[in-house]
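The listed protein sequences correspond, in order, to chains H and Z.
No gaps in the numbering here: position 11 of the first sequence is 10 in numbering that gives the first Met the number 0, and each next residue is one more.
No gaps in the numbering here: position 83 of the second sequence is 82 in numbering that gives the first Met the number 0, and each next residue is one more.
Just so you know, the hints here were simulated from the structure itself, not pulled from any lab data.
Hints may contain errors.
To be verified - The following residues of chain H were derived to be distant from chain Z, with all beta-carbon distances above 10 Å: (1) 13; (2) 20; (3) 23; (4) 41; (5) 48; (6) 49; (7) 66; (8) 68; (9) 89; (10) 95; (11) 97; (12) 103; (13) 106; (14) 109; (15) 112; (16) 132.
Stated by the list, open to error - Pairs of lysine-lysine residues, derived as BS3-like cross-links and limited to a Cα-Cα distance of at most 30 Å, are as follows: (17) Z:92 x H:66; (18) H:31 x Z:40; (19) Z:92 x Z:69; (20) Z:16 x Z:92; (21) Z:69 x H:72; (22) H:76 x Z:40; (23) H:31 x Z:37; (24) H:5 x Z:1; (25) Z:16 x H:105; (26) H:31 x H:66; (27) H:137 x Z:42; (28) Z:41 x H:105; (29) H:75 x Z:83; (30) H:75 x Z:1; (31) Z:69 x H:122.
Note that the Cβ used here is the ideal one computed from N, Cα and C, for glycine as well.
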Amino acid sequence: MEKPLKEDNRITIPSSLNYLREVDEFVEQKLKEEGVDSGLVTDIAISVTEVVTNAVNHGNRNDLHKKVTVSVKLDKKSVTIQVEDQGGGFDSEHLENPLDEKNLLKEAGRGVFIVKSLMDEVKFETLPNNGTIVTLVKRL
Amino acid sequence: MKLSTREVQDLVVLEPKGKIMGGPDATLLHDQLHEYIKQGKKKVIIDLSKVDWMNSTGLGILISALTTLKNNQGELKLANVTDKIQSLLTITKLVTVFESYDSLDQAVASFK
């Protein structure tokens with residue numbers, strides 16, 4: 000298995016959920032090193048795994064040649080995580096509502112909803128040459 | 000995620016441990032459950048006391064277990080739901096779907 004590329008505050012993985020745990024460990028370690036509260040670390044970690052799962056499955060369609068990059072930035076007031084894929088873009092405005100009765104027993108479809116519940120800001124941008132960047136902000 | 004299993008009286012207790020986030024161990028619980036169903040053991044408790052956290056994939060695994068058991072005339076109950084998991088069940092309205100108990104003993108007693 001190809002190794003993830005780890006730079007100072009960034010990790011890049013091939014598009015496989017086999018790397019999800021490494022991404023989580025990378026992000027959590029960065030946050031803990033900076034003394035971020037454990038409850039916030041959990042909320043951020045859950046959200047990162049949600050967005051990376053979507054980037055792998057939906058953005059890059061599990062194409063191992065395509066990459067997902069996760070970058071972590073901290074300042075005194077907030078944590079900002081960006082997840083970038085190389086897929087075809089993402090329409091975040093027209094998702095099914097997981098709270099609708101007809102969707103309640105579906106096994107998937109809650110990821111974005113959970114991220115929006117746990118994070119203070121969530122932004123989706125489609126890049127000019129394809130790809131999506133999701134920006135997550137959690138205030139400290 | 001690691002998964003321990005044991006039987007208490009005529010019930011099955013599944014005890015996942017760690018973070019449930021998807022990836023290569025996502026089918027562990029599902030596969031184990033199917034084995035028990037094949038053996039006719041369909042009263043199941045999932046003890047969440049050792050789960051650090053789960054994401055929506057984890058919730059999907061619980062839903063899949065619930066649906067699989069119901070479709071096989073079985074039952075699923077949750078025990079020792081941590082605060083973080085409880086908050087996820089609440090915001091996703093899945094509290095209306097799962098029967099949860101504060102302890103394994105209470106979950107076991109509920110089957111009587």
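The hints, checked one at a time:
Once the 10 Å rule is applied to beta carbons, residue 13 of chain H is consistent with being away from chain Z; the minimum gap is 13 Å. A cut-off of 10 Å between C-beta atoms contradicts the statement that residue 20 of chain H is not in contact with chain Z; the least separation is 6 Å. Consistency note on residue 23 of chain H: stated as away from chain Z, yet its beta-carbon is not over 10 Å from all of that chain's, at 7 Å minimum. A beta-carbon of chain Z comes within 10 Å of the beta-carbon of residue 41 of chain H; the shortest separation is about 5 Å.
With a least CB separation of 5 Å from chain Z, residue 48 of chain H falls inside the 10 Å interface cut-off, contrary to its annotation. Its beta-carbon lying about 5 Å from the closest one in chain Z, residue 49 of chain H breaks the requirement of being farther than 10 Å from that chain. Every Cβ of chain Z is farther than 10 Å from the Cβ of residue 66 of chain H; the closest lies at roughly 17 Å, confirming the non-interface assignment. Distance check for residue 68 of chain H against chain Z: the nearest CB is about 18 Å away, which clears 10 Å, and the non-interface claim stands.
The beta carbon of residue 89 of chain H is kept farther than 10 Å from every beta carbon of chain Z, the shortest such distance being approximately 16 Å. Residue 95 of chain H, annotated as away from the interface, keeps every beta carbon of chain Z farther than 10 Å; the closest lies near 13 Å. Not every beta carbon of chain Z lies more than 10 Å from that of residue 97 of chain H, the smallest distance being close to 6 Å; the non-interface claim is violated. With a cut of 10 Å on Cβ distances, residue 103 of chain H falls inside the contact zone with chain Z, its closest approach being about 6 Å.
For residue 106 of chain H, the non-interface assignment is contradicted: its Cβ lies about 4 Å from the closest Cβ of chain Z, within the 10 Å cut-off. A Cβ of chain Z approaches the Cβ of residue 109 of chain H within 10 Å, the least distance being about 4 Å, so the stated non-interface status is violated. Distance to chain Z contradicts residue 112 of chain H as a non-interface residue, since its nearest Cβ pair spans about 7 Å, not more than 10 Å. Under the 10 Å C-beta cut-off, the non-interface status given to residue 132 of chain H relative to chain Z holds; the minimum distance is some 20 Å.
Distance restraint check for residue 92 of chain Z and residue 66 of chain H: the Cα-Cα separation of roughly 34 Å exceeds the 30 Å cut-off, and the hinted pair is therefore not satisfied. Only pairs whose Cα atoms come within 30 Å are accepted, and residue 31 of chain H paired with residue 40 of chain Z is rejected, the gap being roughly 43 Å. Annotation: proposed proximity of residue 92 of chain Z to residue 69 of chain Z holds, straight-line Cα distance about 19 Å (limit 30 Å). Restraint check for residue 16 of chain Z and residue 92 of chain Z: the C-alpha separation of about 24 Å stays at or below 30 Å, so the hint holds.
Of the pairs offered as hints, the one joining residue 69 of chain Z and residue 72 of chain H is violated, with about 45 Å between alpha carbons and a cut-off of 30 Å exceeded. At roughly 52 Å between alpha-carbon atoms, residue 76 of chain H and residue 40 of chain Z are farther apart than 30 Å, so this suggested pair is violated. Under the criterion of a C-alpha separation no larger than 30 Å, the hint pairing residue 31 of chain H with residue 37 of chain Z is inconsistent with the structure, at around 44 Å. With a C-alpha separation of about 26 Å, the suggested pair residue 5 of chain H and residue 1 of chain Z falls inside the 30 Å cut-off, and the hint holds.
Restraint check: the Cα-Cα separation between residue 16 of chain Z and residue 105 of chain H comes to about 24 Å, which is no more than 30 Å; the hinted pair holds. Distance hint between residue 31 of chain H and residue 66 of chain H is fulfilled; the C-alpha atoms sit about 26 Å from each other, no more than 30 Å. Between residue 137 of chain H and residue 42 of chain Z the CA atoms are separated by roughly 41 Å; this puts the pair beyond 30 Å, and the hint is violated. For a cut-off of 30 Å, the pair hint linking residue 41 of chain Z to residue 105 of chain H stands: about 21 Å separates their Cα positions.
Of the pairs offered as hints, the one joining residue 75 of chain H and residue 83 of chain Z holds, with about 25 Å between alpha carbons and a cut-off of 30 Å not exceeded. Our distance criterion of 30 Å between C-alpha atoms is broken by residue 75 of chain H and residue 1 of chain Z, whose separation comes to about 36 Å. Only pairs whose Cα atoms come within 30 Å are accepted, and residue 69 of chain Z paired with residue 122 of chain H is rejected, the gap being roughly 39 Å.
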